[in-house]
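Novice: Here is how the chains run, residue by residue.
There are 2 protein chains.
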Amino acid sequence: MPTYTAPVKDLQFVLHDLLKVSEQDIEGYSELDPEFTGAVLEEAGKVSSEVLAPLNVVGDAEGCVLENGVVRTPKGFKEAFEQMKEGGWTALDAAEDIGGQNLPYVMYTAVNETFVTANMAFNMYQGLTHGAYSAILEHGSDIQKAMYLPKLATCEWTGTMNLTEPHCGTDLGLMRTKAVPQDDGTFKISGQKIFISAGDHDMADNIIHLVLAKIPGGPEGIKGVSLFIVPKILHDENGALGAANGVSCGKIEEKMGIHGNSTCVMNYDEAEGYLIGEEHKGMRAMFVMMNEARMGVGLQGYAQAEAAYQNAVIYANDRLQGRAVTGDENPDGPADPLIVHPDIRRNLMDQKSFVEGARALTFWGSSLIDRANKNNDEDADGLISLLTPVIKGFQTDKGFEFAVAAQQVYGGHGYIEEWGMSQFARDARIAMIYEGANGVQALDLVGRKLAQDGGKHVMAFFEMIKSFIKDNEGNDALKADFLDPLKSASKDLQAAGMYFMQNGMKNPNNALAGSYDFMHMMGHVCFGLMWARMAKAAMEALENGATDTAFYETKIATGKYYMARQLPATKMHLARINTGAETVMALKAANF
Amino acid sequence: MPTYTAPVKDLQFVLHDLLKVSEQDIEGYSELDPEFTGAVLEEAGKVSSEVLAPLNVVGDAEGCVLENGVVRTPKGFKEAFEQMKEGGWTALDAAEDIGGQNLPYVMYTAVNETFVTANMAFNMYQGLTHGAYSAILEHGSDIQKAMYLPKLATCEWTGTMNLTEPHCGTDLGLMRTKAVPQDDGTFKISGQKIFISAGDHDMADNIIHLVLAKIPGGPEGIKGVSLFIVPKILHDENGALGAANGVSCGKIEEKMGIHGNSTCVMNYDEAEGYLIGEEHKGMRAMFVMMNEARMGVGLQGYAQAEAAYQNAVIYANDRLQGRAVTGDENPDGPADPLIVHPDIRRNLMDQKSFVEGARALTFWGSSLIDRANKNNDEDADGLISLLTPVIKGFQTDKGFEFAVAAQQVYGGHGYIEEWGMSQFARDARIAMIYEGANGVQALDLVGRKLAQDGGKHVMAFFEMIKSFIKDNEGNDALKADFLDPLKSASKDLQAAGMYFMQNGMKNPNNALAGSYDFMHMMGHVCFGLMWARMAKAAMEALENGATDTAFYETKIATGKYYMARQLPATKMHLARINTGAETVMALKAANF
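Respectively, the protein sequence lines represent chains A and B.
Position 439, counted from 1, in the first sequence is what my numbering calls 439; the numbers after and before it change by one each time, with no gaps.
Take the position in the second sequence, starting the count at 1, then add 592; the result is the number in my numbering.
I should point out that these hints are in silico values taken from the structure, not numbers from a laboratory.
Ideal placement from N, C-alpha and C gives every residue a C-beta, glycine not left out.
One or more hints might be untrue.
Partial selection, computed: residues in chain B whose CB lies under 8 angstroms from chain A [to be verified]:
(1) Val663
(2) Leu766
(3) Lys770
(4) Gln774
(5) Leu940
(6) Ile1008
(7) Leu1104
(8) Leu1134
(9) Gly1137
(10) Ala1138
(11) Thr1171
(12) Ala1173
(13) Leu1179
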């Protein structure tokens, strides 16, 4: 059975050596000293390793079952969920007066990484609840906030997102679910929603569905969509539960993975619902939830690669097969461990350098969210808005790729469910799809985010890289291995942007045909920036007399690997982008 | 439920326009005129679409079951297998006097593509039997040939390959299974083999296991391995079945995919076995089977991508979502079909250009095998020996990648088992692992095949490309879109080979650390050559007045896409290779 150990040292490195969180001028950050965050992460890691990780394979094998209208989660999930609630792990960033710990989002992210890595399907029950919490926090009325926030923060009640319908996912303007206004100000919601993660289960007293629906007579398409709160069980103003609402789980989907999470078809039959925010402005509130979810999914991507990587390293050290070409390394054994072989190394270094780059980008992104929210910093807000599709799209594509690569280290054993490596790959697969398939992320990036606010944010991004390179030009230790490749990759990215500007005017397809490549290029450039910064931080730690030299030297070596072996991908992406839409759009639909 | 239609026109294009099989001076090829091959392929396509494809999802959902020592295949498999036998589909390339059709291997390959695409797990029962047939044909005694070949050709009895043991897969020298010689010239085989595809089942009267084992007192390691025939049921010299042999299925593995095939743990307990070929020379005979299996697995790789692609195209044409940015294409409908979107096009073109390139390379490879075997052509033998790891490694990596990409076209529906797209990805995954994990293929290519016969074959390969480019330099239609990119990619590949030569001497890890990238580069160059040739063939067909202009124009356009959008990957691989082993091998094992 696979195991998981929270990489507390690595998490601490990103928080303190890289981001220097306790020195940031963001509300609540000054309290994030290494002792405090270390203690929290150690404790979270313990829950992750001891409670959540062992349930991961159980969840996969058992799945969720719908019986007589009741959804049963896998054995042990309920007890573990209680432990999460009791430990206060569900409300880290909620305000203290509603049962939370009032910690910054960056800390929520760091803790969440350990949970998601240990058991992705399990953690979705809490993750979606957090999304519902945030949407109501930002767009709900005072009464709604008072009613729902404390219960969602503590996961006494859980939350869901209801967007997709059988005939529409990305194009929500086609939605058919109706919300008919009632005299008492409530609405009657009717329709079918599909792919509802954590849609029904047995781990909370009530479930608060956030449902997109159309009020009859409103504008056509996406402009006529409103957002509603639809509780599974109706309740009075004190939260005391009453009758069942007109909502039920029609079916649990059979999926490729995340079997531990109940993915439900939800049927709404004149269910009572309460409008959030204004009529027909539902997408605005839903986007709060979606942007948060996209960050969370980007984390899922690398988290599954991390889980798979940890186990691949153990296997590569244990499994004896063949001999090192440069001389036996285990002369007394029948063969050398797999890890002596260069191609196994290449594979493991790919995984390691990806996961650590992704962690840095995700934590940095979370700190930008804190800065945007707590300091009302519009530049930070613009930057994270630009980076969100990259974090979601690039990290989930690569996360799946490297979970698959880790599975490969096991040879035939990787294909057998018993070893658990297949689950990491199968679970990671969904992250490329939900919360906007990665092609939609690329479209969002190239079709919307690049030009947002007159292109201000992407220019600031390039400026930031340029400044970093300029500020460190005299640093010989960084120059050839980090700054030069970063400069080159950043130039490639700018050239691609330039190509879009010059050719997208003539034909927007010239930009859109290159959007996916651009998303990947930008991911590489972000990772290149993260690795250059991490290398610098590691060098500084060594200069300042850090005792754990192996740890910091490993960071630098891993960064060198990324710059040398991964970053050159930008050249390929640029070459593709520069061919424009012609070959992409050449065929008639009938000739595929 | 997914569907499958055999792409007979495309198969014919490769056989006749590209390879011009009926004009080749290879025994049996002159009979392969378009009418004949067309009729065979139409018929095979019918069996594939109507019999095998509908059983694909059944096999996945039901899997194989071991009950009271008996292995039961999924519902309908037995009847379908009978149909395959009765139709003579199992013995296409076997000699007529042993029940075969005496067709060339290239024709076996073309027919096999349709079977494997329709139902990979099902076709493995026959594919492994074919491998056992080939090993006995080449290395068996006359008595063994007379006994087993007719029954294997017709699949009255099926075959298996038994290599892997719990503690060793790639490194077979560690093997523990023993073969103790008996006075009557037979051996008693004892030990455990794992991952035995089609190891036991209910579709044949007997199963002929080819088993690697060590005769006590023989040389250490791989040099002491011999190959044995071990029938499931003992038989007399007329093939009449007698008592059960000492071999049994201990367990069926739970796998990520190919559930329709019984992957067995096989226990040998003093089972009676008969030596094939010489003592301690077992690997030689096993390699016949393994090389054939590697070609077959390379075919599985693109076959699953083809199956997934066909369905993705249907979905992309059916599913209405969003509007084309260049103006509505389905103005009367609520939205445009997915296929209008450039990023969906990019994805489908990636898949299409891969599958068609892979088919061309695989069929060409099969014709090289025919030329080597039937004409005793050593150059052809050397070339296919060089290409086999590329066909296996590159095509299965990319086949999985593009099956996953096709799944992505479906959005959330791609993750739900009901739509069948998950199965294509899960089934395709094994092809990267078995018959030598792809890292081992890369090692075989760089560590052995490049230098084989003094590097003669790789030089011939480069020479072939050079000649093609030179011979067609005056062809303006080919020049910029095909010849120039091919030349550039081929130069990249040569530069990588040069890097290995210059730096592998100092430290072999400099070559091995780049082996995986080299395998991919070489795959791209092979595909580039295939596409340049296919484009030329299509242009000639158009010049010669072919009436189906859309078909040939589509070929050219698809080729242009490959050259523009896929071939630039060689630059990235070369950049990686040129960084050598330093960053790959930098860490101590303890620091991963």
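Novice: Hints first: check each against the structure and report whether it holds.
Specialist: Against the structure, the hints:
1. A cut of 8 angstroms between beta carbons decides the hint on B/Val663: the least distance to chain A is about 17 angstroms, and the hint is violated.
2. Evaluation of the B/Leu766 hint against chain A yields a held restraint, the C-beta minimum of about 6 angstroms falling below 8 angstroms.
3. Because the closest C-beta pair between B/Lys770 and chain A is about 16 angstroms apart, greater than 8 angstroms, the hint is violated.
4. At its closest, the beta carbon of B/Gln774 sits 29 angstroms from a beta carbon of chain A; the interface hint therefore is violated under the 8 angstroms criterion.
5. Residue-level restraint check for B/Leu940 holds (minimum Cβ-Cβ distance to chain A is 6 angstroms; threshold 8 angstroms).
6. The interface hint given for B/Ile1008 holds, since its Cβ lies 5 angstroms from the closest Cβ of chain A, which is under the 8 angstroms cut-off.
7. Interface restraint check for B/Leu1104: the shortest CB-CB distance to chain A comes to about 4 angstroms, inside 8 angstroms, so the restraint holds.
8. The interface hint given for B/Leu1134 is violated, since its Cβ lies 15 angstroms from the closest Cβ of chain A, which is over the 8 angstroms cut-off.
9. Because the beta carbon of B/Gly1137 sits about 20 angstroms from the nearest beta carbon in chain A, more than 8 angstroms, this interface hint is broken.
10. Restraint check, B/Ala1138 versus chain A: the minimum CB separation of about 15 angstroms is more than 8 angstroms; hint violated.
11. Taking 8 angstroms as the C-beta cut-off, the interface hint given for B/Thr1171 holds, the closest approach to chain A being about 4 angstroms.
12. The interface hint given for B/Ala1173 holds, since its Cβ lies 6 angstroms from the closest Cβ of chain A, which is under the 8 angstroms cut-off.
13. The closest approach between the C-beta of B/Leu1179 and any C-beta of chain A is roughly 6 angstroms, which is under the 8 angstroms cut-off, so the hint is satisfied.
Of the numbered hints given earlier, the model fails hints 1, 3, 4, 8, 9, 10; all others are met.
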